[in-house]
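Trainee: One-letter residues, chain by chain:
There are 2 protein chains.
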Amino acid sequence: MNKRSVILISGGLDSAVTAFYAKQESSELYGLSFLYGQKHNREIDSAKKIGIEAKLKDHVFFTLDLNQFGGSSLLKNSKETIPNNVSVEEIGKEIPSTYVPARNTIFLSIALAYAETIDADFIFIGVTSEDYSGYPDCRPAFIDAFQNLINNATKKTILGKNIRLNTPLLKLSKDEIIKKGINLNVPFEKTWSCYQGKDKACGICDSCKLRLKGFKNAGLPDPISYITTPEWYDLS
Amino acid sequence: MNKRSVILISGGLDSAVTAFYAKQESSELYGLSFLYGQKHNREIDSAKKIGIEAKLKDHVFFTLDLNQFGGSSLLKNSKETIPNNVSVEEIGKEIPSTYVPARNTIFLSIALAYAETIDADFIFIGVTSEDYSGYPDCRPAFIDAFQNLINNATKKTILGKNIRLNTPLLKLSKDEIIKKGINLNVPFEKTWSCYQGKDKACGICDSCKLRLKGFKNAGLPDPISYITTPEWYDLS
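Line order of the protein sequences matches chains A and B. Under the numbering used here, think of the first position of the first sequence as 156, with each following residue one higher. Under the numbering used here, think of the first position of the second sequence as 156, with each following residue one higher.
Excised from the complex, chain A in its bound form (with noise of 0.2 Å):
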């Protein structure tokens, strides 16, 4: 096995399990996060740590402010709150306000560019189009539509080599997400999903919500602290 591949860590749980994934598939794995004016940069704190335990050959903090276009409560100069209040069945019915405009987009573009320059044979995303948010670039025909450009994109491509786009987690639950973690003996514990970016995760957006119930249908406890956790949740 001679593979390289980009690997997208969000400092998030599903970024960290495609990255142990990676590692199995490649033999040298270059990370890429972004710091593209969200609200806190709690995840990219998460982003840098399971970047190490994963054992990176290099890892790019790459900055962007999204900021510059603004659409998105996520995005720290946005006056919208991040919706708290949603129930567990109805996350990903609508597409909601944490959308941000073409971020997948954008990312998947810069993670091109740095493949093609390191030439990488893989570029890896951990989007899953099953537990989700809702948000358009992270579904199955996203992702196709996505690998057709790269193979029309770059140099690289157009001389008749591949750069592949991995997507290991596209159909899959988040409990299956979660067990497939475990057996990567992924650190959960140092993953950071929550859209607040306080030092407990707030137990009620969106992001919360959907890792609280992959935990819950996996029987398995969260590792995280929860400032507060639905109901539903109940290990006992």
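Treat the hints with care, as some may be off.
[As the list claims (entries may be wrong)] Okay, derived cross-link-like pairs now, DSSO-like style, lysine-lysine, Cα gap no bigger than 27 Å in a straight line: (1) Lys310(A) - Lys234(B); (2) Lys231(A) - Lys310(A); (3) Lys310(A) - Lys368(B); (4) Lys231(A) - Lys234(B); (5) Lys326(A) - Lys310(B).
[Unchecked claim] To give an idea of the interface, some chain A residues facing chain B are shown, with a C-beta separation under 10 Å as derived from the structure: (6) Thr218; (7) Asp220; (8) Ile261; (9) Leu267; (10) Asp292; (11) Arg294; (12) Ala300; (13) Phe301; (14) Thr312; (15) Ile313; (16) Leu314; (17) Pro342; (18) Pro376; (19) Pro378.
[Stated by the list, open to error] From chain A, some residues computed to sit far from chain B (all C-beta separations above 12 Å): (20) Asn157; (21) Ser182; (22) Lys234; (23) Thr236; (24) Ser264; (25) Gln302; (26) Gly374; (27) Ser380; (28) Thr383; (29) Trp387; (30) Tyr388.
Simulated from the structure, these hints should not be mistaken for laboratory data. A virtual CB, placed ideally from N, CA and C, is assigned to each residue, including glycine.
For this one, chain A is given, so just place chain B on it according to the hints.
Mentor: The following block gives chain B in isolation, referenced to the frame of chain A:
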């Protein structure tokens, strides 16, 4: 006509003609230029001037530093010199060192975020695949692949509204672009095509040669000043 457009403005001749064309097709024009870690910002000064002449509604100068990856002689951290010894007939036959990995993919992704945020109908980009530099991300197959990506990437497009990628110069030769610009009253004296950042254009880099060949074939004098011009550029 009630159409809002995003236009990518590099400061070069092609994007200036595209901006003036887009102005005719749009009720509101929003400019987007990039400080991406080029060796010089001479072209950005031109982009500002073109933006003012085109009476943009707004003009965003987006900063992201592609030197974090490198891979091109156009980037300021590169020690590679910009080539100036390619004959005008040979330009475009091979992909040159001035190719920046995935640059147009990244620029269009960010344009897409801008377009979605301001609810724009069009994105205009002045790529051309005829008298061009051989870059993979200027070809029709790349443009088609990016349009397909747009259709699958954003909240706006998956909800059924269009964001159309427009490339009015794609099939035009450089002299045809120049003639189109003359008809549109493009202030060519304010554009900058040279890869070098000197007071006058060098006249010997690929970009200068393609521009001079265009003016020569159009039978018109280029209004900007050159340090030197090729023997074949003789309008007397």
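Trainee: Now tell me if each hint is right for this structure.
Mentor: Checked hints:
Restraint check for Lys310(A) and Lys234(B): the C-alpha separation of about 20 Å stays at or below 27 Å, so the hint holds. Using a Cα cut-off of 27 Å, the hinted pair Lys231(A) and Lys310(A) is violated, with the two alpha carbons roughly 36 Å apart. Between Lys310(A) and Lys368(B), the direct Cα distance comes to roughly 26 Å. Compliance with the 27 Å bound is thereby established for this hinted pair. Only pairs whose Cα atoms come within 27 Å are accepted, and Lys231(A) paired with Lys234(B) is rejected, the gap being roughly 37 Å.
The hinted pair formed by Lys326(A) and Lys310(B) meets the criterion: a straight-line CA distance of about 21 Å does not exceed 27 Å. For Thr218(A), the suggested interface contact is upheld, since its CB lies about 7 Å from the closest CB of chain B, less than 10 Å. For the restraint placing Asp220(A) at the interface with chain B, the shortest Cβ-Cβ distance is roughly 7 Å, inside the 10 Å limit, so the hint holds. With its C-beta approaching chain B no nearer than about 4 Å, Ile261(A) sits inside the 10 Å limit, and its interface hint holds.
The closest approach between the C-beta of Leu267(A) and any C-beta of chain B is roughly 4 Å, which is under the 10 Å cut-off, so the hint is satisfied. This hint holds: Asp292(A) has a C-beta 5 Å from the nearest C-beta of chain B, less than the 10 Å allowed. Hint status for Arg294(A): holds, given a least beta-carbon distance of 7 Å to chain B, under 10 Å. The beta carbon of Ala300(A) comes within 4 Å of a beta carbon in chain B, closer than 10 Å, and the hint placing it at the interface holds.
For Phe301(A), the suggested interface contact is upheld, since its CB lies about 6 Å from the closest CB of chain B, less than 10 Å. The restraint placing Thr312(A) at the interface with chain B holds, with a minimum CB-CB distance near 8 Å, inside the 10 Å limit. Here the hint on Ile313(A) is kept, as its CB sits about 5 Å from the closest CB of chain B, short of 10 Å. Among the interface hints, the one on Leu314(A) holds; its C-beta lies about 8 Å from the nearest C-beta in chain B, closer than the 10 Å criterion.
The restraint placing Pro342(A) at the interface with chain B is violated, with a minimum CB-CB distance near 27 Å, outside the 10 Å limit. A distance limit of 10 Å between C-beta atoms decides the matter here; for Pro376(A) the minimum to chain B is near 35 Å, and the interface restraint is violated. At a threshold of 10 Å, the smallest CB-CB gap from Pro378(A) to chain B is about 33 Å, leaving the interface hint violated. With a cut of 12 Å on Cβ distances, Asn157(A) stays outside the contact zone with chain B, its closest approach being about 21 Å.
Ser182(A), annotated as away from the interface, keeps every beta carbon of chain B farther than 12 Å; the closest lies near 20 Å. The beta carbon of Lys234(A) sits about 15 Å from the closest Cβ of chain B, which is more than 12 Å, so the claim that it is off the interface holds. Every Cβ of chain B is farther than 12 Å from the Cβ of Thr236(A); the closest lies at roughly 19 Å, confirming the non-interface assignment. For Ser264(A), the condition that its CB be more than 12 Å from all CB atoms of chain B is violated, with the nearest at approximately 4 Å.
For Gln302(A), the condition that its CB be more than 12 Å from all CB atoms of chain B is violated, with the nearest at approximately 10 Å. Under the 12 Å C-beta cut-off, the non-interface status given to Gly374(A) relative to chain B holds; the minimum distance is some 35 Å. Every CB of chain B is more than 12 Å from the CB of Ser380(A) (nearest about 33 Å), matching its label as outside the interface. At roughly 30 Å from the closest C-beta of chain B, the C-beta of Thr383(A) stays outside 12 Å, upholding its exclusion from the interface.
Separation of Trp387(A) from chain B is adequate, the least Cβ-Cβ distance of about 29 Å exceeding the 12 Å criterion. In this structure Tyr388(A) is separated from chain B by more than 12 Å, as the shortest Cβ-Cβ distance comes to about 30 Å.
Hint compliance for this structure: hints 2, 4, 17, 18, 19, 24 and 25 are broken, all remaining hints hold.
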